[in-house]
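As given, the protein sequences belong to chains B and S, one line each in that order. Heads up: the first sequence begins at 1 in this note's numbering, then just goes up one per residue. Heads up: the second sequence begins at 1 in this note's numbering, then just goes up one per residue.
FYI, nobody ran anything at the bench for these hints, they're computed from the structure. Every residue gets a Cβ at the ideal spot worked out from N, C-alpha and C, and that includes glycine. Hints may contain errors.
[Said to hold, decoys possible] Partial list, computed: chain B residues near chain S (C-beta under 8 Å):
hint: 1; residue: Arg-68
hint: 2; residue: Arg-253
hint: 3; residue: Val-254
[To be verified] Facing chain B, according to a computed beta carbon distance under 10 Å, are these residues of chain S, among others:
hint: 4; residue: Ala-56
hint: 5; residue: Asp-186
hint: 6; residue: Leu-400
hint: 7; residue: Leu-403
hint: 8; residue: Thr-411
There are 2 protein chains.
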Amino acid sequence: MDHPHRVVIVGGGFGGLHLAKALARIPVRVTLVDRRNFHLFQPLLYQVATGALSPANIAAPLRAVLKRARNVQVLLGEAKGVDAGNRRLILGDGEVPYDTLVVASGASHHYFGHDEWAARAPGLKTVEDATDIRRRILLAFEAAERETVPELRRIWMTFVIVGGGPTGVELSGALAEIARDTLKLDFRVIDPGAARIVLVEGTDRILPTYPPELSAKARTALERLGVTVRTGVLVSQVETCCVELRTAAGTERVETRTVLWAAGVQASALSHALADTAGAELDRNGRVLVGPDLTVPGHPEILVIGDLACFVHGTGRPLPGVAPVAIQQGRYAARVIAARVKGRPAPPPFRYRDRGNLATIGRASAVADMGRLRFSGFPAWLTWLFVHLMNLVEFESRLLVLLQWAWAYATFNRAARLITGKELLPGPTRGPCSCGIWLGADTHGAPSRRQEASKRERAGP
Amino acid sequence: MDHPHRVVIVGGGFGGLHLAKALARIPVRVTLVDRRNFHLFQPLLYQVATGALSPANIAAPLRAVLKRARNVQVLLGEAKGVDAGNRRLILGDGEVPYDTLVVASGASHHYFGHDEWAARAPGLKTVEDATDIRRRILLAFEAAERETVPELRRIWMTFVIVGGGPTGVELSGALAEIARDTLKLDFRVIDPGAARIVLVEGTDRILPTYPPELSAKARTALERLGVTVRTGVLVSQVETCCVELRTAAGTERVETRTVLWAAGVQASALSHALADTAGAELDRNGRVLVGPDLTVPGHPEILVIGDLACFVHGTGRPLPGVAPVAIQQGRYAARVIAARVKGRPAPPPFRYRDRGNLATIGRASAVADMGRLRFSGFPAWLTWLFVHLMNLVEFESRLLVLLQWAWAYATFNRAARLITGKELLPGPTRGPCSCGIWLGADTHGAPSRRQEASKRERAGP
Chain B
1 MDHPHRVVIV
11 GGGFGGLHLA
21 KALARIPVRV
31 TLVDRRNFHL
41 FQPLLYQVAT
51 GALSPANIAA
61 PLRAVLKRAR
71 NVQVLLGEAK
81 GVDAGNRRLI
91 LGDGEVPYDT
101 LVVASGASHH
111 YFGHDEWAAR
121 APGLKTVEDA
131 TDIRRRILLA
141 FEAAERETVP
151 ELRRIWMTFV
161 IVGGGPTGVE
171 LSGALAEIAR
181 DTLKLDFRVI
191 DPGAARIVLV
201 EGTDRILPTY
211 PPELSAKART
221 ALERLGVTVR
231 TGVLVSQVET
241 CCVELRTAAG
251 TERVETRTVL
261 WAAGVQASAL
271 SHALADTAGA
281 ELDRNGRVLV
291 GPDLTVPGHP
301 EILVIGDLAC
311 FVHGTGRPLP
321 GVAPVAIQQG
331 RYAARVIAAR
341 VKGRPAPPPF
351 RYRDRGNLAT
361 IGRASAVADM
371 GRLRFSGFPA
381 WLTWLFVHLM
391 NLVEFESRLL
401 VLLQWAWAYA
411 TFNRAARLIT
421 GKELLPGPTR
431 GPCSCGIWLG
441 ADTHGAPSRR
451 QEASKRERAG
461 P
Chain S
1 MDHPHRVVIV
11 GGGFGGLHLA
21 KALARIPVRV
31 TLVDRRNFHL
41 FQPLLYQVAT
51 GALSPANIAA
61 PLRAVLKRAR
71 NVQVLLGEAK
81 GVDAGNRRLI
91 LGDGEVPYDT
101 LVVASGASHH
111 YFGHDEWAAR
121 APGLKTVEDA
131 TDIRRRILLA
141 FEAAERETVP
151 ELRRIWMTFV
161 IVGGGPTGVE
171 LSGALAEIAR
181 DTLKLDFRVI
191 DPGAARIVLV
201 EGTDRILPTY
211 PPELSAKART
221 ALERLGVTVR
231 TGVLVSQVET
241 CCVELRTAAG
251 TERVETRTVL
261 WAAGVQASAL
271 SHALADTAGA
281 ELDRNGRVLV
291 GPDLTVPGHP
301 EILVIGDLAC
311 FVHGTGRPLP
321 GVAPVAIQQG
331 RYAARVIAAR
341 VKGRPAPPPF
351 RYRDRGNLAT
361 IGRASAVADM
371 GRLRFSGFPA
381 WLTWLFVHLM
391 NLVEFESRLL
401 VLLQWAWAYA
411 TFNRAARLIT
421 GKELLPGPTR
431 GPCSCGIWLG
441 ADTHGAPSRR
451 QEASKRERAG
461 P
């Protein structure tokens with residue numbers, strides 16, 4: 001070989017970053033391509049969205065993390081496609097040749113074919129998503145404080161979270177705490193504690209991947225915080241002033257101005273490029289079906305890891321899209337590459353070591369599923385705290401996050417509740433809604449067309 | 001009186017916030033109007049722009065700070081004008097009646113009639129400004145790392161800071177440290193330490209409001225960090241690829257893609273409303289000339305404090321637009337209002353107690369002007385540290401900022417260097433510049449029109 005083996009990694013998430021770190025000890029030349037200049041600790045992103053932490057607390061600049069890995073070059077760029085025949089990764093503004101390609105570009109939320117909902121019901125995948133959700137939550141309370149019509153105030157103070165997985169559970173728990181504790185003394189007109197928080201889940205229980213008894217405990221904990229938990233309910237429409245829910249009994253409408261999306265997972269667009277160029281098979285979420293060594297069948301030089309990969313265990317159920325899977329796959333991919341470069345036999349097939357799952361439900365409450373060991377409440381919360389702190393990449397982040405958690409625990413405060421970005425003031429409270437109904441009395445005191453409309457509806461045929 | 005005295009404060013900066021806090025003990029009804037939901041500690045904003053701190057570390061939610069001041073209502077809204085005849089503050093979406101109005105809406109940077117420069121040379125007044133500048137600085141290094149033509153790489157690695165006041169001095173010092181220390185090991189192609197940082201000041205010395213010997217010390221400290229200090233130089237043009245400087249010797253061009261604006265102060269637009277409705281006189285920066293009790297002459301019910309006020313001392317020089325002036329004026333305004341409400345004699349005219357000025361120049365270096373006591377270096381830096389920490393509004397912020405400073409001091413790291421917002425990738429390195437010259441060779445390898453153009457220029461008439 002006249003050049004060192006070139007490994008190109010797409011994505012600096014859990015999988016890509018741990019792979020790059022592991023490759024620092026191996027004689028290969030590594031290029032890590034990411035659109036963002038930082039690794040994001042996504043499990044805590046909901047804490048940014050709810051004003052408990054700052055984005056920088058859970059983000060580590062990729063160049064800083066990898067600065068001593070002298071064989072790793074970080075490249076800020078957008079991977080647009082793959083040319084498997086010529087072994088090149090195609091960027092927005094160039095190409096990068098590879099000998100081994102590892103695609104770890106992850107997944108994003110999706111709207112089940114209703115992309116038009118994205119503007120009204122933001123998901124939580126990026127730092128910008130988190131500060132956008134933070135802005136919407138805080139502006140809803142501000143709008144309620146200024147609104148004089150009680151009916152319209154109630155709409156501002158209703159929050160709907162779609163999706164009862166860990167993100168939805170954690171978001172609704174944090175939101176309930178903000179309303180009940182953090183904002184308790186902040187307003188002069190409204191009582192933030194009267195906010196209505198509705199968590200909507202399509203299956204018959206929240207945290208559906210956990211054991212049923214932990215789902216039940218999580219539900220009880222949320223309800224104690226004042227969250228309305230609706231299971232077996234699908235969202236059939238998202239409008240400016242309401243969401244339409246479909247239940248076994250029919251459809252109903254929940255009036256709200258703030259809908260947060262924590263449902264649906266869609267693989268990054270790069271999986272389609274892999275299907276086109278390398279004949280990769282995709283599952284129904286767009287994830288790439290990989291072999292036992294995480295390679296794309298027929299292309300031993302292309303590996304897929306993390307949320308983008310669909311790795312089917314002996315049991316037949318694909319591994320979930322969680323950080324521990326991505327980390328273990330990243331380390332495994334490094335072993336595969338090392339074996340090839342050094343001419344050693346390939347490692348045995350990848351096996352996921354499930355160390356358990358944790359989800360937190362607000363203050364001092366969580367559920368833990370550690371195989372046979374299942375527990376909840378304060379001990380689970382302490383475990384959650386410790387595991388998340390220890391997995392933050394930078395030691396400084398651990399100190400900062402610990403300090404802020406301790407402070408929030410003692411004072412109920414959430415210091416990072418800043419309204420930032422483009423729209424800084426509450427929007428108009430009244431006006432036409434996308435569902436065709438006029439919201440509220442107009443500013444000249446004319447009778448509410450909306451109320452008339454709903455009267456008509458109720459009278460209906 | 002059948003209603004309590006209504007005080008309306010515009011602006012939750014240093015002046016407005018300290019006034020509102022002081023009024024909490026007085027039987028008046030207070031409305032504090034601000035566009036933003038937080039008080040911003042502007043003296044540390046350059047640390048957000050240079051990745052040392054997060055926005056939330058220097059921002060305190062107004063509602064949280066004032067939650068126990070039960071007679072103070074915070075109103076998130078934009079003050080658009082004043083109707084002095086009817087004693088009403090006009091908002092974007094309504095009006096607020098007052099008995100006493102205190103305008104503390106501050107000032108922003110201005111471009112000496114060249115508003116078109118704003119897009120190319122952002123100023124530093126808001127949280128969004130700071131994260132925008134942070135993005136531009138980091139993207140410039142990223143673009144340099146990807147650029148292959150050395151001449152173009154040099155342009156990306158040249159930074160021009162306009163304005164040699166405290167903000168410009170602190171920005172250029174921090175930028176030099178980022179280049180020399182923080183990013184030292186981060187890149188594989190460029191040497192960030194080779195970055196060129198040019199500080200441009202129109203008068204004959206930087207920190208012109210400080211004693212000359214401290215200006216000289218600050219200059220030496222900056223030069224030791226590698227900053228090129230240019231005094232007696234005005235900016236006559238800001239283009240995409242360069243700035244044009246006017247010196248005593250003529251004009252010259254500095255090629256750069258990153259210009260930061262730290263010059264010029266312009267009073268908020270509300271001063272013009274006060275001129276129209278209350279006959280207030282404005283100085284050439286648009287500040288409102290106030291009487292000895294901070295009222296608008298002829299309108300004892302309207303006070304102006306902080307950066308928006310032009311208060312002329314016995315000496316004839318107006319007070320500078322710094323935080324201590326605003327804080328003392330806020331407290332004084334509360335005394336004026338208390339005396340009126342309680343029917344007591346008015347307090348003696350406002351007098352500013354100047355406790356000194358501090359400016360920092362990077363790591364462990366600062367200048368302090370405490371009247372007769374003038375010092376620099378490490379002791380000044382410790383004083384700067386202590387004064388700034390103690391003036392942060394929230395105790396939690398003090399701990400968080402102290403922890404991050406200690407960490408940065410020990411490790412040279414700046415953890416908050418995230419590229420966030422809309423444009424996440426470096427823009428095209430080559431293309432037409434607004435000055436009419438084409439930047440760089442085009443992507444098909446044709447000879448550089450820019451180089452040809454500069455050859456023609458050099459050959460000249």
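Taking the hints in turn, this is what the structure says about them:
| no. | hint | in the structure |
| --- | --- | --- |
| 1 | Arg-68 | holds, 7 Å |
| 2 | Arg-253 | violated, 28 Å |
| 3 | Val-254 | violated, 26 Å |
| 4 | Ala-56 | holds, 4 Å |
| 5 | Asp-186 | holds, 4 Å |
| 6 | Leu-400 | holds, 6 Å |
| 7 | Leu-403 | holds, 6 Å |
| 8 | Thr-411 | holds, 8 Å |
Hints 2 and 3 from the list above are not met by this structure, while the remaining hints are.
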